[in-house]
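Q: In the order they appear, the protein sequences are chains A and B. First residue of the first sequence: 1, per UniProt numbering; consecutive thereafter. First residue of the second sequence: 1, per UniProt numbering; consecutive thereafter.
Watch out, some of these pointers could steer you wrong.
Stated by the list, open to error - Below, a list of computed lysine-lysine pairs in the DSS-like style, where the Cα atoms sit at most 30 Å apart:
#, chain 1, residue 1, chain 2, residue 2
1, B, K184, B, K194
2, A, K541, B, K128
3, B, K353, A, K390
4, A, K128, B, K93
5, B, K93, B, K107
6, B, K353, B, K390
7, A, K353, B, K367
8, B, K353, A, K353
9, B, K128, A, K186
10, A, K238, A, K186
11, B, K353, A, K329
12, B, K541, A, K128
13, B, K186, A, K128
14, B, K146, B, K186
15, B, K541, A, K238
16, B, K329, A, K353
17, A, K353, B, K93
18, A, K390, B, K367
19, A, K541, B, K93
20, B, K184, B, K107
21, B, K146, B, K29
22, A, K29, A, K107
What the hints assert, rightly or not - The following residues of chain B were derived to be distant from chain A, with all beta-carbon distances above 10 Å:
#, residue
23, D59
24, L383
25, F431
26, P442
Keep in mind that the hints were calculated from the coordinates and are not lab data. Please read all numbers here as calculations on a predicted model, not as lab measurements. All C-beta atoms in this analysis are idealised placements derived from N, C-alpha and C, irrespective of residue type, glycine included.
Protein chains: 2
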Amino acid sequence: MSKSLTAPLNIAMAQCNFHVGDIPGNTAKAIEAAQQAAAEGADLIVFSELALTGYPPEDLLMRPSLELRIAAALKEIAAVSHRIAVAIGYPVKRDNALFNCAGVWSKGECLGEYAKQELPNYQVFDEKRYFSAGQEACVVDLDGVKLGLTVCEDVWFDAPVSQTVEAGADLILNLNASPFHSGKQKERIELIKKHVSQHGVPLLYVNQVGGQDELVFDGSSFAVGVDSECVLQMASWKEDQAYLVYEDGQLRPQSASREAREDGLASLYNALVLGVRDYVNKNRFPGVVLGLSGGIDSALTLAVAVDALGPERVRAVMMPFTYTSGMSKEDAALQAEAMGVQYQSVSIEPMYKEFMSALAPDFEGLKVDTTEENLQSRCRGVLLMALSNKTGYMVLTTGNKSEMAVGYATLYGDMAGGYGALKDVYKTKVFALAEYRNTISPVIPQRVIDRPPSAELAPDQVDEDSLPAYPVLDDILERYIEQDESAEQIIAAGHERDDVMRVIRLVDVNEYKRRQASIGVRVTRRGFGRDRRYPVTNGWKAGI
Amino acid sequence: MSKSLTAPLNIAMAQCNFHVGDIPGNTAKAIEAAQQAAAEGADLIVFSELALTGYPPEDLLMRPSLELRIAAALKEIAAVSHRIAVAIGYPVKRDNALFNCAGVWSKGECLGEYAKQELPNYQVFDEKRYFSAGQEACVVDLDGVKLGLTVCEDVWFDAPVSQTVEAGADLILNLNASPFHSGKQKERIELIKKHVSQHGVPLLYVNQVGGQDELVFDGSSFAVGVDSECVLQMASWKEDQAYLVYEDGQLRPQSASREAREDGLASLYNALVLGVRDYVNKNRFPGVVLGLSGGIDSALTLAVAVDALGPERVRAVMMPFTYTSGMSKEDAALQAEAMGVQYQSVSIEPMYKEFMSALAPDFEGLKVDTTEENLQSRCRGVLLMALSNKTGYMVLTTGNKSEMAVGYATLYGDMAGGYGALKDVYKTKVFALAEYRNTISPVIPQRVIDRPPSAELAPDQVDEDSLPAYPVLDDILERYIEQDESAEQIIAAGHERDDVMRVIRLVDVNEYKRRQASIGVRVTRRGFGRDRRYPVTNGWKAGI
Numbered sequence: 001m002s003k004s005l006t007a008p009l010n011i012a013m014a015q016c017n018f019h020v021g022d023i024p025g026n027t028a029k030a031i032e033a034a035q036q037a038a039a040e041g042a043d044l045i046v047f048s049e050l051a052l053t054g055y056p057p058e059d060l061l062m063r064p065s066l067e068l069r070i071a072a073a074l075k076e077i078a079a080v081s082h083r084i085a086v087a088i089g090y091p092v093k094r095d096n097a098l099f100n101c102a103g104v105w106s107k108g109e110c111l112g113e114y115a116k117q118e119l120p121n122y123q124v125f126d127e128k129r130y131f132s133a134g135q136e137a138c139v140v141d142l143d144g145v146k147l148g149l150t151v152c153e154d155v156w157f158d159a160p161v162s163q164t165v166e167a168g169a170d171l172i173l174n175l176n177a178s179p180f181h182s183g184k185q186k187e188r189i190e191l192i193k194k195h196v197s198q199h200g201v202p203l204l205y206v207n208q209v210g211g212q213d214e215l216v217f218d219g220s221s222f223a224v225g226v227d228s229e230c231v232l233q234m235a236s237w238k239e240d241q242a243y244l245v246y247e248d249g250q251l252r253p254q255s256a257s258r259e260a261r262e263d264g265l266a267s268l269y270n271a272l273v274l275g276v277r278d279y280v281n282k283n284r285f286p287g288v289v290l291g292l293s294g295g296i297d298s299a300l301t302l303a304v305a306v307d308a309l310g311p312e313r314v315r316a317v318m319m320p321f322t323y324t325s326g327m328s329k330e331d332a333a334l335q336a337e338a339m340g341v342q343y344q345s346v347s348i349e350p351m352y353k354e355f356m357s358a359l360a361p362d363f364e365g366l367k368v369d370t371t372e373e374n375l376q377s378r379c380r381g382v383l384l385m386a387l388s389n390k391t392g393y394m395v396l397t398t399g400n401k402s403e404m405a406v407g408y409a410t411l412y413g414d415m416a417g418g419y420g421a422l423k424d425v426y427k428t429k430v431f432a433l434a435e436y437r438n439t440i441s442p443v444i445p446q447r448v449i450d451r452p453p454s455a456e457l458a459p460d461q462v463d464e465d466s467l468p469a470y471p472v473l474d475d476i477l478e479r480y481i482e483q484d485e486s487a488e489q490i491i492a493a494g495h496e497r498d499d500v501m502r503v504i505r506l507v508d509v510n511e512y513k514r515r516q517a518s519i520g521v522r523v524t525r526r527g528f529g530r531d532r533r534y535p536v537t538n539g540w541k542a543g544i
Numbered sequence: 001m002s003k004s005l006t007a008p009l010n011i012a013m014a015q016c017n018f019h020v021g022d023i024p025g026n027t028a029k030a031i032e033a034a035q036q037a038a039a040e041g042a043d044l045i046v047f048s049e050l051a052l053t054g055y056p057p058e059d060l061l062m063r064p065s066l067e068l069r070i071a072a073a074l075k076e077i078a079a080v081s082h083r084i085a086v087a088i089g090y091p092v093k094r095d096n097a098l099f100n101c102a103g104v105w106s107k108g109e110c111l112g113e114y115a116k117q118e119l120p121n122y123q124v125f126d127e128k129r130y131f132s133a134g135q136e137a138c139v140v141d142l143d144g145v146k147l148g149l150t151v152c153e154d155v156w157f158d159a160p161v162s163q164t165v166e167a168g169a170d171l172i173l174n175l176n177a178s179p180f181h182s183g184k185q186k187e188r189i190e191l192i193k194k195h196v197s198q199h200g201v202p203l204l205y206v207n208q209v210g211g212q213d214e215l216v217f218d219g220s221s222f223a224v225g226v227d228s229e230c231v232l233q234m235a236s237w238k239e240d241q242a243y244l245v246y247e248d249g250q251l252r253p254q255s256a257s258r259e260a261r262e263d264g265l266a267s268l269y270n271a272l273v274l275g276v277r278d279y280v281n282k283n284r285f286p287g288v289v290l291g292l293s294g295g296i297d298s299a300l301t302l303a304v305a306v307d308a309l310g311p312e313r314v315r316a317v318m319m320p321f322t323y324t325s326g327m328s329k330e331d332a333a334l335q336a337e338a339m340g341v342q343y344q345s346v347s348i349e350p351m352y353k354e355f356m357s358a359l360a361p362d363f364e365g366l367k368v369d370t371t372e373e374n375l376q377s378r379c380r381g382v383l384l385m386a387l388s389n390k391t392g393y394m395v396l397t398t399g400n401k402s403e404m405a406v407g408y409a410t411l412y413g414d415m416a417g418g419y420g421a422l423k424d425v426y427k428t429k430v431f432a433l434a435e436y437r438n439t440i441s442p443v444i445p446q447r448v449i450d451r452p453p454s455a456e457l458a459p460d461q462v463d464e465d466s467l468p469a470y471p472v473l474d475d476i477l478e479r480y481i482e483q484d485e486s487a488e489q490i491i492a493a494g495h496e497r498d499d500v501m502r503v504i505r506l507v508d509v510n511e512y513k514r515r516q517a518s519i520g521v522r523v524t525r526r527g528f529g530r531d532r533r534y535p536v537t538n539g540w541k542a543g544i
């Protein structure tokens with residue numbers, strides 16, 4: 001393929017952590033990045049999808065002042081574009097329809113605005129709720145280099161890329177807001193290499209970074225040169241800015257590649273840390289408080305919280321009762337000390353007794369059941385919320401995905417809180433992450449990892465008395481929830497019919513609990529947030 | 001327009017209350033209705049949209065066994081179609097894409113399946129998440145009468161109706177799952193009359209009835225004859241079956257029209273009752289328990305609950321504290337007696353004191369704030385949940401839309417519970433509904449309606465100390481939430497700038513509370529459920 005011979009184009013890739021809704025703040029951040037890039041000699045800076053609004057802006061896209069706010073932001077982008085050309089994502093209204101656009105601005109003018117053609121409307125995505133689909137390629141000429149614009153999902157299909165190449169692109173810019181899930185970075189790179197090798201046109205993949213409610217964006221932006229090699233890899237889990245030169249069809253990196261994230265426990269752990277950090281900081285909480293039970297979920301949650309916020313912003317509270325073992329009390333205190341957080345112990349015995357005494361006339365003659373267990377859990381929830389209300393510290397919930405799935409949690413008890421670090425992490429992965437975290441520094445007492453999990457809400461209680469062993473449970477759950485397998489398919493994979501039917505039933509009937517659960521970090525292809533929209537009132541029965 | 005002269009076609013319109021997900025149960029219900037219609041001499045029975053799955057089935061549409069289950073159901077529909085032709089809604093998979101279809105079955109065969117063309121993907125609707133859009137009209141010949149098929153949203157556009165007429169329809173069947181909101185029935189009838197008067201083809205509008213999570217379907221099915229008059233009106237708020245004859249282009253009713261719902265307080269009240277009844281019954285709760293405070297929200301909620309379920313399935317609990325007035329205690333007891341429900345009083349004083357004493361070291365030197373108020377509310381929540389857990393009775397929440405909007409409610413306190421009758425009812429409407437309910441029979445003490453609202457969580461507290469007067473608050477809220485007006489538009493409408501900015505800010509920052517609120521009946525064009533998808537982490541500031 002012959003390329004026009006033009007002067008080298010110095011390009012900056014800007015991987016920013018934007019704040020959804022804060023258009024003035026995001027614009028200021030973009031302009032600062034642009035000015036820095038200009039000072040470094042760049043001719044063009046490329047940002048991520050919907051950078052000005054942050055992603056996903058959800059129903060903020062329907063606010064009547066959106067256009068005015070974007071217009072004000074673009075006035076500033078136009079101004080800075082006298083120093084450096086800017087490719088950036090923002091929503092555009094045309095003929096009463098809204099488009100998800102990538103615009104290129106230079107010398108105070110818009111050279112072109114591309115409207116995203118492939119609008120994801122599955123999993124967590126609702127783009128067809130907001131946007132109309134663009135119909136055509138957009139290639140702009142910047143100092144003789146023809147830049148083809150694409151937005152995120154477009155590159156997961158052939159047509160928008162082919163169109164862009166046919167329209168004469170020398171270089172394709174792909175503006176993304178691509179959330180993390182395990183295994184995704186490999187898919188992204190393979191996909192982009194395939195396009196490049198098919199069309200012989202290099203591509204810059206620019207992703208945003210940061211947490212937004214349940215979503216975590218890992219960044220991990222990269223560039224693929226005409227020989228289908230990744231010529232530049234940007235950082236994961238943090239903001240980054242990198243430089244390269246486009247000249248005569250070739251991309252030459254000017255920045256050293258950062259270490260790419262691996263798809264393993266380290267990535268998963270980093271996603272949890274970033275999710276918690278950004279939720280707490282973007283919502284301006286001074287810190288977090290959590291119940292430390294001596295069990296593994298709260299132990300791992302504490303480690304994540306401290307790694308996210310530092311020990312001085314984290315408080316841990318042990319709330320013992322009759323069934324709390326001495327071992328739990330010791331381990332909680334040990335871990336709190338190892339992590340350097342403020343720690344206290346408050347017994348729930350006195351309030352529990354008063355509730356039981358007030359309820360005695362109603363409970364007379366009725367047998368003890370989970371009511372009493374829930375009551376213990378709710379006394380703890382009330383204590384933590386009181387500390388939260390008084391100090392402004394947000395309560396971090398400690399439940400994991402296995403529990404959320406089968407309803408092994410108490411509404412308004414251990415489920416009380418603003419955000420969950422482990423909400424999308426199965427129990428078996430909780431153990432693995434605890435072991436992983438201890439390889440960095442030993443903060444979780446080994447006994448917490450080794451002992452059989454127990455909610456300690458009844459004498460000598462062990463989780464696996466009422467649930468299948470966690471490896472069995474988690475495999476059934478993963479097949480049912482993430483792979484959408486039917487009961488028969490899961491049984492055919494080797495599980496006991498009774499286990500499968502019981503687990504599926506528990507998942508189905510506990511939708512009402514999940515509907516009132518805190519949001520939390522999403523790390524799989526199907527979390528329990530926007531991804532999974534099941535009715536609460538639901539007559540579906542597992543069977544075929 | 002000349003019509004083919006054929007034998008009269010006897011038609012039954014079936015307005016059923018289906019159970020989402022229960023395909024075998026829904027099929028059995030449809031077959032029972034069909035057999036009854038056949039016994040009455042009908043040649044054809046027409047059901048609502050997605051009748052076999054119930055509407056909306058949400059992500060159940062992605063279960064791998066959906067096709068198998070629908071195939072089993074259609075085998076039964078085919079069998080009954082030897083007695084009577086059946087027009088019914090169900091999902092159909094073709095070439096790996098799913099369609100929202102209306103099929104006509106006769107003599108064991110499918111005469112045709114129409115795929116919905118206009119897929120709503122706004123407000124509460126997510127149909128583009130599940131379905132591909134159909135591309136063409138479908139007209140089937142039943143005993144010489146050409147039946148044109150349309151599904152719900154199709155008739156809100158011109159193209160699908162025009163296409164169907166052009167394809168030769170003598171009579172249009174419109175299968176609906178159209179949720180209630182105030183004012184909608186008038187819009188529906190005007191719309192259908194417009195189509196009929198434009199095309200000269202009569203139309204049957206068949207809607208489902210019943211509650212499904214936050215949605216309430218009012219039924220109110222109807223038929224419009226070729227002279228654009230409504231020839232048959234079916235019942236609102238309950239199942240109904242009605243008959244008419246199609247002959248030579250004319251529709252002749254064989255059933256008396258029922259009283260159509262009015263768009264006023266009676267309809268709103270009926271929607272609340274049906275929503276509560278179906279949520280409780282379809283989820284098989286034996287009954288409900290609620291906190292009766294002596295205030296108007298819990299008073300109206302109790303009336304709705306009793307009208308929905310009968311007094312023997314409703315328990316009311318007064319949970320007094322220091323700030324509870326004697327008037328509140330008297331009024332709560334009076335109302336409970338008037339409604340004939342089980343009533344008890346449990347003081348929260350002992351547990352409140354124990355919590356405060358356990359928290360004393362942490363609270364020392366800090367001033368009293370909303371923490372103490374929330375603690376009272378949470379003691380009540382814990383008590384109600386304990387009664388709920390022990391008896392199986394679901395806790396009914398009593399919060400209204402004004403409170404949900406500005407966050408004037410306590411998470412895990414008064415917000416604890418499974419379902420909210422008033423969740424989408426502004427406080428000013430709560431007063432109007434209480435007055436309305438008392439015109440049927442006097443169940444709410446007049447003093448409860450007349451006294452200034454107070455949460456009674458602090459000495460001499462009155463809601464309007466911390467909020468604008470409710471008529472002002474509700475008008476601002478309605479403009480901001482339902483009309484999507486900007487701050488400037490609301491100010492231009494005559495509100496104080498300070499009030500507007502404060503209220504909008506409260507709405508925006510309390511998204512985190514709403515995200516954990518119970519679901520509840522939706523009665524406006526924008527409730528706080530699936531309709532309004534705002535980020536929690538949100539840097540948007542009211543201003544322009």
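Q: Now, for every hint given, state plainly whether the structure supports it.
A: How the hints compare with the structure:
1. B/K184 with B/K194: At roughly 15 Å apart (the allowed maximum being 30 Å), B/K194 and B/K184 satisfy the hint.
2. A/K541 with B/K128: It holds: about 25 Å lies between the C-alpha atoms, which stays within 30 Å.
3. B/K353 with A/K390: Judged against 30 Å, a Cα distance of about 17 Å means the pair holds.
4. A/K128 with B/K93: holds (21 Å)
5. B/K93 with B/K107: holds (23 Å)
6. B/K353 with B/K390: holds (24 Å)
7. A/K353 with B/K367: At roughly 28 Å apart (the allowed maximum being 30 Å), B/K367 and A/K353 satisfy the hint.
8. B/K353 with A/K353: holds (12 Å)
9. B/K128 with A/K186: Distance of about 29 Å is within 30 Å: holds.
10. A/K238 with A/K186: holds (19 Å)
11. B/K353 with A/K329: With a Cα-Cα distance of about 25 Å, the restraint between B/K353 and A/K329 holds, given a limit of 30 Å.
12. B/K541 with A/K128: holds (25 Å)
13. B/K186 with A/K128: Holds, because 29 Å separates the two Cα atoms, which is no more than 30 Å.
14. B/K146 with B/K186: Answer holds: B/K146 to B/K186 is near 28 Å, not above 30 Å.
15. B/K541 with A/K238: holds (26 Å)
16. B/K329 with A/K353: Holds - the C-alpha atoms of A/K353 and B/K329 are around 25 Å apart, at most 30 Å.
17. A/K353 with B/K93: Status violated; Cα separation ~57 Å.
18. A/K390 with B/K367: Given that 30 Å is the threshold and the Cα spacing comes to 9 Å, the pair holds.
19. A/K541 with B/K93: Holds - the C-alpha atoms of B/K93 and A/K541 are around 21 Å apart, at most 30 Å.
20. B/K184 with B/K107: violated (37 Å)
21. B/K146 with B/K29: holds (27 Å)
22. A/K29 with A/K107: OK: A/K29 and A/K107 at ~20 Å, within 30 Å.
23. D59: With a cut-off of 10 Å, B/D59 comes too close to chain A, as the shortest Cβ separation is near 5 Å.
24. L383: The claim is violated: B/L383 sits with its nearest Cβ about 7 Å from chain A, within 10 Å.
25. F431: holds (28 Å)
26. P442: Label holds. Min Cβ-Cβ 30 Å, cutoff 10 Å.
In this structure, the hints that do not hold are numbers 17, 20, 23, 24, in rising order.
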